[in-house]
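With our numbering, the residue at position 148 of the sequence shown is 156, and numbering never jumps.
Read the hints as simulated data drawn from the structure, not as lab findings.
Where a beta carbon is used, it is the ideal one built from N, C-alpha and C, also for glycine.
Just so you know, not all the hints are guaranteed correct.
[As the list claims (entries may be wrong)] Cβ-Cβ distance ranges computed for the label pairs, FRET-style:
1) K27 to S135: 31 to 37 Å
2) Q56 to G108: 31 to 37 Å
3) M9 to T157: 45 to 51 Å
4) R113 to S135: 51 to 57 Å
5) K52 to L13: 33 to 39 Å
6) P32 to M169: 18 to 24 Å
7) K52 to K26: 18 to 24 Å
[Claimed, not checked] Straight line, CA to CA, 27 Å or less: simulated BS3-like cross-link-like pairs of lysine-lysine:
8) K49 to K97
9) K65 to K109
10) K114 to K163
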Amino acid sequence: MAYDLDTDEEAKISYHIKKFLLYPQFWNDAINQIHVNLRWKQIKFVPQNKSKIPLSKGVYAFIIKPQYDNFFETNYLFYVGKTNRTLQKRFDEYLDEQAGKGKPRKKLFKMFKVYREYLHFYYAELSNKSDVDSTEKQILNTFVPQVNTQIPKAKIKPELMYIYEQ
Numbered sequence: 009m010a011y012d013l014d015t016d017e018e019a020k021i022s023y024h025i026k027k028f029l030l031y032p033q034f035w036n037d038a039i040n041q042i043h044v045n046l047r048w049k050q051i052k053f054v055p056q057n058k059s060k061i062p063l064s065k066g067v068y069a070f071i072i073k074p075q076y077d078n079f080f081e082t083n084y085l086f087y088v089g090k091t092n093r094t095l096q097k098r099f100d101e102y103l104d105e106q107a108g109k110g111k112p113r114k115k116l117f118k119m120f121k122v123y124r125e126y127l128h129f130y131y132a133e134l135s136n137k138s139d140v141d142s143t144e145k146q147i148l149n150t151f152v153p154q155v156n157t158q159i160p161k162a163k164i165k166p167e168l169m170y171i172y173e174q
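Generate coordinates for the entire structure from the input sequences, incorporating the hints supplied.
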């Protein structure tokens, strides 16, 4: 049998290759350390879970969690955000974005569409607006999630601009 290559299958697989910044210097940098106690909770990102999300401000992240039996838990950080309104309201806005309402942001919409079955919403409640803002900034600067388009450190560190578009 002659060698053959299924280019359609190759294209499908290539679509799912993602880049992640794994840079220990950012993890260990004292300026990136979070100085408030975060109690992270997580819930599957589905409409029926909206009422379980608290009516408080805080930070959140979208994590892809593959469902694979007989293996240790594996998670992929795709997006980090904050809200000074309520986490429940922000959760609801993302449900609307997932449904294509309004003008969805392309990277988020693709994440919602492609990984819908594996998407989890992690959140930590914070009562102080400055804690919300600084915590989000520290997480973004530490992990530089690929779906986020605005990374604070990228404004002063040009090496971070467009790292996922190369």
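Status of the hints after comparison with the structure:
no., hint, verdict
1, K27 to S135: 31 to 37 Å, "35 Å, holds"
2, Q56 to G108: 31 to 37 Å, "19 Å, violated"
3, M9 to T157: 45 to 51 Å, "47 Å, holds"
4, R113 to S135: 51 to 57 Å, "28 Å, violated"
5, K52 to L13: 33 to 39 Å, "37 Å, holds"
6, P32 to M169: 18 to 24 Å, "21 Å, holds"
7, K52 to K26: 18 to 24 Å, "21 Å, holds"
8, K49 to K97, "17 Å, holds"
9, K65 to K109, "23 Å, holds"
10, K114 to K163, "22 Å, holds"
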